[in-house]
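Here is how the chains run, residue by residue.
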Amino acid sequence: MSFLAAEQLSVSFGRLTALDGVSFDVERGQLVAVIGPNGAGKTTLFNAIAGAVRPARGRAVLDGRVVSGRPPHRNALAGVARTFQVARPFHELTVRDNVLVGLGRARYYRLGGLLRRARSSADIERAEALLGDVGLGESMERLAGELPLGHLRLLEIARALALSPRLLMLDEPAAGLRDTEEAALEALLRRLREQGLTMLLVEHDVEFALRVADRAVVLTAGRKLAEGAPEEVRTNPEVIDAYLGTGTEAGDATR
Amino acid sequence: MSQYVLSVIASGGVWAILTLSLNLITGYAGQVSLGQAAFFAIGAYAAAMLSTRTGFGFVPAVLAAMPITGVAAAALGLLALRVKDDFLVFATIGVNFIVVAILQYTDAFGGAQGIVAIPLPAIGPVTLQIGAYAGLVVALALLAGFASRWVERSWLGYGFAAVRQDELAARTIGVPAAQLKVVAFALAGLLAGLAGALYAYFLGNVFPQNFAFVISIQVMAMLVLGGLGTVPGAIVGAAVLTALPEILRPLADYRYTIFGLVLVITVSFLPGGIMGHGGLGDRALGRLRPRRAAT
Numbered sequence: 001m002s003f004l005a006a007e008q009l010s011v012s013f014g015r016l017t018a019l020d021g022v023s024f025d026v027e028r029g030q031l032v033a034v035i036g037p038n039g040a041g042k043t044t045l046f047n048a049i050a051g052a053v054r055p056a057r058g059r060a061v062l063d064g065r066v067v068s069g070r071p072p073h074r075n076a077l078a079g080v081a082r083t084f085q086v087a088r089p090f091h092e093l094t095v096r097d098n099v100l101v102g103l104g105r106a107r108y109y110r111l112g113g114l115l116r117r118a119r120s121s122a123d124i125e126r127a128e129a130l131l132g133d134v135g136l137g138e139s140m141e142r143l144a145g146e147l148p149l150g151h152l153r154l155l156e157i158a159r160a161l162a163l164s165p166r167l168l169m170l171d172e173p174a175a176g177l178r179d180t181e182e183a184a185l186e187a188l189l190r191r192l193r194e195q196g197l198t199m200l201l202v203e204h205d206v207e208f209a210l211r212v213a214d215r216a217v218v219l220t221a222g223r224k225l226a227e228g229a230p231e232e233v234r235t236n237p238e239v240i241d242a243y244l245g246t247g248t249e250a251g252d253a254t255r
Numbered sequence: 001m002s003q004y005v006l007s008v009i010a011s012g013g014v015w016a017i018l019t020l021s022l023n024l025i026t027g028y029a030g031q032v033s034l035g036q037a038a039f040f041a042i043g044a045y046a047a048a049m050l051s052t053r054t055g056f057g058f059v060p061a062v063l064a065a066m067p068i069t070g071v072a073a074a075a076l077g078l079l080a081l082r083v084k085d086d087f088l089v090f091a092t093i094g095v096n097f098i099v100v101a102i103l104q105y106t107d108a109f110g111g112a113q114g115i116v117a118i119p120l121p122a123i124g125p126v127t128l129q130i131g132a133y134a135g136l137v138v139a140l141a142l143l144a145g146f147a148s149r150w151v152e153r154s155w156l157g158y159g160f161a162a163v164r165q166d167e168l169a170a171r172t173i174g175v176p177a178a179q180l181k182v183v184a185f186a187l188a189g190l191l192a193g194l195a196g197a198l199y200a201y202f203l204g205n206v207f208p209q210n211f212a213f214v215i216s217i218q219v220m221a222m223l224v225l226g227g228l229g230t231v232p233g234a235i236v237g238a239a240v241l242t243a244l245p246e247i248l249r250p251l252a253d254y255r256y257t258i259f260g261l262v263l264v265i266t267v268s269f270l271p272g273g274i275m276g277h278g279g280l281g282d283r284a285l286g287r288l289r290p291r292r293a294a295t
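Here the protein sequences line up with chains F and B, keeping their order. One point on numbering: in our numbering, the residue at position 210 of the first sequence is 210, and numbering is uninterrupted. One point on numbering: in our numbering, the residue at position 287 of the second sequence is 287, and numbering is uninterrupted.
Simulated from the structure, these hints should not be mistaken for laboratory data. Keep in mind the model is a prediction, meaning the values are calculated, not measured. C-beta: ideal position from N, C-alpha, C; glycine also. Some hints here could point you the wrong way.
Claimed, not checked - Calculated from the model, a selection of chain B residues having no Cβ within reach of chain F, i.e. all distances over 12 Å: (1) PHE97; (2) PHE109; (3) LEU128; (4) ALA139; (5) LEU142; (6) LEU168; (7) ARG171; (8) GLY174; (9) ALA178; (10) VAL214; (11) LEU244; (12) ILE274.
Claimed, not checked - With the C-beta cut set under 10 Å, the calculated list includes, among others, these residues of chain F facing chain B: (13) ALA50; (14) THR83; (15) ARG116; (16) ALA221; (17) ARG223; (18) LEU225; (19) ALA226; (20) ALA229; (21) GLU231; (22) GLU232.
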């Protein structure tokens with residue numbers, strides 16, 4: 001059985017079927033990208049796996065444990081970490097404290113843990129190490145609300161890594177980034193992959209997704225259209241068709 | 001110091017404790033409550049009834065009023081999980097009116113005649129006159145301040161800050177938002193119960209109208225003026241708004257007008273309050289004002 005299995009996931013909003021029986025697998029240590037045109041159901045799929053949206057049918061299983069339809073904070077404890085398409089840092093906290101919140105984990109569930117002083121030197125060291133890893137070592141004292149978008153994305157990743165996740169889910173991390181910021185993000189994802197972290201990436205920017213991913217799942221109109229290695233997906237006629245119509249390279253269809 | 005000055009100090013200490021209680025829910029956890037007088041009432045009536053009807057002494061009555069109010073507040077916190085933001089404000093206002101109405105119309109709680117003839121506070125054989133009582137109340141207010149600072153720096157405080165700023169993001173990184181909100185209400189209940197019990201012994205008689213909705217507004221004005229989310233702010237705000245109507249005696253009749261004005265002016269022009277640190281009060285109060293675009 002694979003590490004993460006999406007099994008026949010379906011999600012409806014009223015009469016609209018946003019996701020219709022999507023299944024795919026992610027092996028341990030892989031980076032899998034979910035791509036597709038606008039409205040294909042990428043973010044819905046993401047939310048269904050992360051527990052933010054309850055699937056009407058089907059389920060997502062991470063290493064033998066059902067994660068779909070479960071409260072986000074429970075999933076976080078079980079090792080599912082995620083970032084948001086529109087960055088959601090804690091604006092009034094410093095960059096370092098944003099990561100510290102994530103290091104609290106199980107301590108939020110016990111009275112003894114809750115009343116313990118946060119900011120132990122061990123936790124601060126860990127937070128600073130994580131921020132160094134993602135390239136925010138210079139900004140630790142700044143308020144998160146003052147960071148530019150590219151840094152917010154990195155901060156969200158650092159905050160997610162504070163959970164020591166078994167699965168990191170990234171919702172359009174490259175959206176709105178400048179070229180240099182995108183390059184920094186790409187380098188970070190490669191490093192995390194080398195460290196053996198399993199990642200699921202939802203991405204509108206097809207070129208970016210296919211550059212960093214081991215495998216890609218293509219969605220269109222709520223269904224899975226294709227799945228495979230980046231090269232297979234890139235040359236799949238159905239995928240090319242879904243993006244821009246026959247005869248155009250999928251690579252041009254990043255907007 | 002004159003009896004008058006001492007009694008102003010004692011009441012200032014009571015308001016400081018109640019403002020610290022509101023600060024836990026609204027300042028730290030970001031859940032705007034405009035019904036804090038309801039918890040204040042429960043604490044005051046618990047102490048008043050234990051002392052006049054069951055013969056509890058001052059210390060046991062105060063110590064019992066705290067958990068009683070804490071449990072009541074936690075129960076309300078559970079209900080409040082169903083509503084958010086503006087609707088939570090309306091719900092807490094409603095609770096304030098309901099509690100006052102129950103006290104007013106239930107004979108068991110003394111009805112409109114309230115609970116009268118609460119004995120003077122005494123510790124062992126020593127009866128506390130107003131000077132000693134003022135000292136005790138101020139000491140307890142400072143203790144409540146230190147306890148609040150402890151919470152602020154603990155994992156609980158970090159969890160509250162995360163929930164206040166972005167509940168979904170908080171849950172996503174493992175912060176159990178619902179549980180922490182209930183904890184915030186429970187802790188605020190403990191402090192409101194303490195404030196209420198001390199107030200009952202200070203007044204000697206309690207009536208439903210001592211806990212009317214304007215009291216909730218008054219406490220919110222104290223917190224916002226001082227600085228939402230800060231312990232020094234809660235204490236300074238309570239001190240200033242306790243002293244102001246006394247210093248400006250001719251204005252004392254308009255005290256609730258003053259509190260309303262203070263609330264409006266502070267929110268509009270000094271959102272961080274007197275002791276506030278950059279924008280903190282501003283953000284939590286964003287819930288009471290038209291939403292601004294997120295940055």
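Numbers of unmet hints, in rising order: 6, 7, 8, 9, 16, 17, 18, 19, 20, 21 and 22
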